[in-house]
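As you go down the protein sequences, you meet chains A and B in turn.
For the first sequence, this note's numbering begins at 1 and goes up steadily by one.
For the second sequence, this note's numbering begins at 1 and goes up steadily by one.
Be aware that one or more of the hints could be misleading.
Copies of the same chain look alike in the list, so a pair counts if it fits in one copy or across any two.
Unchecked claim - Distance condition first, Cα-Cα at most 25 Å in a straight line; then the derived DMTMM-like pairs of lysine to aspartate or glutamate:
(1) K327 / E83
(2) K134 / E200
(3) K189 / E455
(4) K321 / E383
(5) K235 / D18
(6) K260 / D339
(7) K189 / E117
(8) K458 / E116
(9) K57 / E427
(10) K103 / E79
(11) K80 / D142
(12) K458 / D50
(13) K412 / E157
(14) K87 / E383
The set of hints was computed from the structure by calculation and includes no laboratory data.
Please read these numbers as outputs of a predicted model, since none were measured by experiment.
2 protein chains.
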Amino acid sequence: MGKDIATREQDYSQWYNDLIIKGNLADYSAVRGCMVIKPYGYALWENMRDVLDKKFKETGHQNAYFPLFVPKSLFEAEEKNAEGFAKECAVVTHYRLKSDPDKPGKLMVDPEAKLEEELVVRPTSEAIIWNTYKGWIQSYRDLPILVNQWANVVRWEMRTRLFLRTAEFLWQEGHTAHATAAEALIETKLMLDVYADFAENYMAMPVIKGIKTANERFAGAEETYCIEAMMQDGKALQAGTSHFLGQNFAKAFDVKFSDKENKLDYVWATSWGVSTRLIGALVMAHSDDDGLILPPKIAPIQVVIVPIFKGEEQKLALDEKVGSIVKGLKALGISVKYDDSDNQRPGWKFAEYELKGVPVRLAIGARDLENNVVEVARRDTKEKQSISLDGIELYIKNLLEEIQLNIFNRAKAFQEAHISKADSWDEFVNLLDTKAGFISAHWDGTSETEDKIKELAKATIRCIPLDNPLEDGKCILSGNPSTQRVLFARAY
Amino acid sequence: MGKDIATREQDYSQWYNDLIIKGNLADYSAVRGCMVIKPYGYALWENMRDVLDKKFKETGHQNAYFPLFVPKSLFEAEEKNAEGFAKECAVVTHYRLKSDPDKPGKLMVDPEAKLEEELVVRPTSEAIIWNTYKGWIQSYRDLPILVNQWANVVRWEMRTRLFLRTAEFLWQEGHTAHATAAEALIETKLMLDVYADFAENYMAMPVIKGIKTANERFAGAEETYCIEAMMQDGKALQAGTSHFLGQNFAKAFDVKFSDKENKLDYVWATSWGVSTRLIGALVMAHSDDDGLILPPKIAPIQVVIVPIFKGEEQKLALDEKVGSIVKGLKALGISVKYDDSDNQRPGWKFAEYELKGVPVRLAIGARDLENNVVEVARRDTKEKQSISLDGIELYIKNLLEEIQLNIFNRAKAFQEAHISKADSWDEFVNLLDTKAGFISAHWDGTSETEDKIKELAKATIRCIPLDNPLEDGKCILSGNPSTQRVLFARAY
């Protein structure tokens, strides 16, 4: 391979990093744990964001923007939430730099510009938002509030990985306020469905919808719903969460409303979010040893056309024909790039667009033109075919749909083949060590057992699937009775 | 006035704040100098952002994302830039909170989690971006780099005002890298033109394109181009800037490229930005004592329809007719809201949408339905007319275009009527105190004179207009010879 990418078998983790860096999605930065999202990676994020944003608006949500900083006194108001995030907070303590008298040309923090109250850089915005909602909500007429925010957040993680776990990341966070618990729960589940629909039908990434155990719940939530995806190494990746927050934040920030009977009650809340982490999930769900494989529905470039020619005359003839193909594809809403740059050979370009995961590549030369055909290469299967230029635009439109479906089906088949049942501790440990994937097993429902399994086997309960059948059994560790299986896995 | 808004004459500054708060654009927050952008204000920002983003992409730019934090050692690398922003930097010094042993349930900054190097929350991103570009640029083939970023930035301003000057604000910042000074200058001017086009043709806000004096230049720039707008109190508001940065940042971060002859040279740079400040400009450029006046092209709601009825039967008949109007308007790409909520009277709704600056209001009752007409009210002129329902959709489409134009023409006439010439110091001071607006006057070209005028008259040189005619004259303060007039004003 001229691309110099590690294979999955050689070094899965290096393979992932190679795809991100060499696929031009992101770059390391000078700031510990923070990344630079490069134009190609950001274009991917824009496509994902636009689809999600449309879905949020279609379900009645509006965007807003709240401050980056959370005063410490607000941050600590909801105790569990504060406790959950305190250990990873970037804190602003000063508001000015000054010339360093000891080092000419250098700056130092001005000790006289110390803030009276420290500001936490938001790791999540429940606190600042519920403090704001207090001023917006008096009566049931002010409810529901259905607000989403696209923003950057900071969590000072000790071990970081591009996209998967970075100190700063981009995300959206929905924060809704409701008059009843039932309505808030409906919202929680609705947004989980929006996420699952997005993951499966746009990212082509099958997910399992479920509920987190108390141990794995969002700090400050009553219930955390999640979608879990399986990566090609069999590990789980939490791809999105939707939290039913009960009245916890309303109580912490004293947000009450008067109902139709003029009785005062605390407001019910939800929050839900997905982040640039999804890009990491996307990469690990589909790609191969030649590079990225991007689903057509969110790929920044859906079709690339590479001309093969000798001399100006051939080039001009190709330009004309390709021009009309490009026009036809664009008219069908397909994003297309004609790469006629003369500083690289066609073979180099083929490898480059393979690496970048462009779903369809067309190659066309002088003889193709004579024969009225074009070579069409699919990124997902690497099949190549010579296709007639008549009606090529519609052919490609259909092909893109087929690729989208194929990528999903392939990932779905992989997922199904890698969920195993374990009915004893030995079987469980053996499976974990020998077979990639999730394990469906009985658990006694206690946090103690869950902790112990995590300690012994480095596997966590990813979720209790929503469509779980009830079934009598015995906990794989404690042997105590259990009424349903849960999904275990090692996770990102 | 039921709306309880200060009039411009009573208290211009209070009028502005009332429009922002009561028009539901933004809210104060618990964080000093930071605001909450409410859904209606954010929808306006989204519309502005989308137009700009499209223009950036049409001119060959791509979006990317760089870290929020700038390590102090990078921040101080370009000395002038660092000096310019050092006094207003929020600084992260710690990365963890812990339980306060003296105050149960409270948190404190963990003194053991002090960063080795402090992180500046970006006030602008030249430093972190040029440090990144160093890794991206080796040869002329890597140039130009045409990148834009949509982001939040923080400048610790002592006196803040909603949208106009907030500690945190949203903006876009373009950062481009070029092989030649000439190319960078072309880019600088191109983006100024993009801003001017956006301000005039979308925000309906006439601007004057010009160059800043050395005193008013961006810290680290060789030349700052700007667009200046005139507010209704005659004060100037800098609405956008585009900087030619020369090789300053390339030198500070050692970014060199080899040209076609294999010679090494430093890269040439530009940066350019507009921010949520534009919303403040928009409000002050057009609104009146009844509320906001938003230009149709960026208004979140272009048309509102208010039904007037007694009883369910009338309501049903109206619903049907309005349904078809809504459908027809949407088909023309017009955003429309049918406000049939029953908790407020029509008169209240009229005032509410006036306050919110919705360009066109339709009111329709049972008798209108019989007569096949609808009452159409324009927000800009407050004219009302009864218009036939036949072809109402096209009528409204044309009306929106007329309103867009009228708002611009009105602001343009105001601007032209409020640029005065002063040929002596007395005339200058007298004009400043008695007539709102800009003053065109001769200046000797020295920073000393400029400083002195600022000190004596609280007016600054807003710009040297790009289309300035040359003309011999004498500086209004020093009496020294001058070859052109410049524009003075008091400014936001």
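How the hints compare with the structure:
1. In this homomeric assembly, K327 and E83 never come within 25 Å of each other (Cα to Cα): the closest approach is 56 Å inside a single copy and 51 Å across copies.
2. Proximity of K134 to E200 under the C-alpha cut-off of 25 Å is found in neither arrangement, the shortest distances being 37 Å within a copy and 39 Å between copies.
3. In this assembly of identical chains, K189 and E455 lie within 25 Å of each other by CA distance neither inside one copy nor across copies; the values are 31 Å within and 62 Å between.
4. Proximity of K321 to E383 under the C-alpha cut-off of 25 Å is restricted to the intra-copy arrangement: shortest distance 23 Å within a copy versus 55 Å between copies.
5. Taking CA atoms no more than 25 Å apart as the test, K235 paired with D18 passes inside one copy only; the shortest distance there is 19 Å, against 54 Å between copies.
6. When the C-alpha separation of K260 and D339 is checked against a cutoff of 25 Å, the pair qualifies only between copies, where the shortest distance is 22 Å, while the shortest distance within a copy is 64 Å.
7. Taking the shortest alpha-carbon separations for K189 and E117, neither the intra-copy value of 38 Å nor the inter-copy value of 43 Å comes in at or below 25 Å.
8. In this assembly of identical chains, the alpha carbons of K458 and E116 never lie at most 25 Å apart, being 43 Å within a copy and 32 Å across copies at closest.
9. Within a single copy, K57 and E427 get their C-alpha atoms no closer than 47 Å, and across copies no closer than 56 Å, so neither meets the 25 Å cut-off.
10. Taking identical chains as interchangeable, the C-alpha atoms of K103 and E79 lie at most 25 Å apart only when they sit on different chains, with a minimum of 13 Å there against 43 Å within one chain.
11. For a Cα distance limit of 25 Å, the shortest separation of K80 from D142 qualifies neither inside one copy, at 27 Å, nor across copies, at 49 Å.
12. For a Cα distance limit of 25 Å, the shortest separation of K458 from D50 qualifies neither inside one copy, at 37 Å, nor across copies, at 46 Å.
13. Within a single copy, K412 and E157 get their C-alpha atoms no closer than 31 Å, and across copies no closer than 53 Å, so neither meets the 25 Å cut-off.
14. In the homo-oligomer, the alpha carbons of K87 and E383 never lie at most 25 Å apart, since the shortest distance is 50 Å inside one protomer and 60 Å across protomers.
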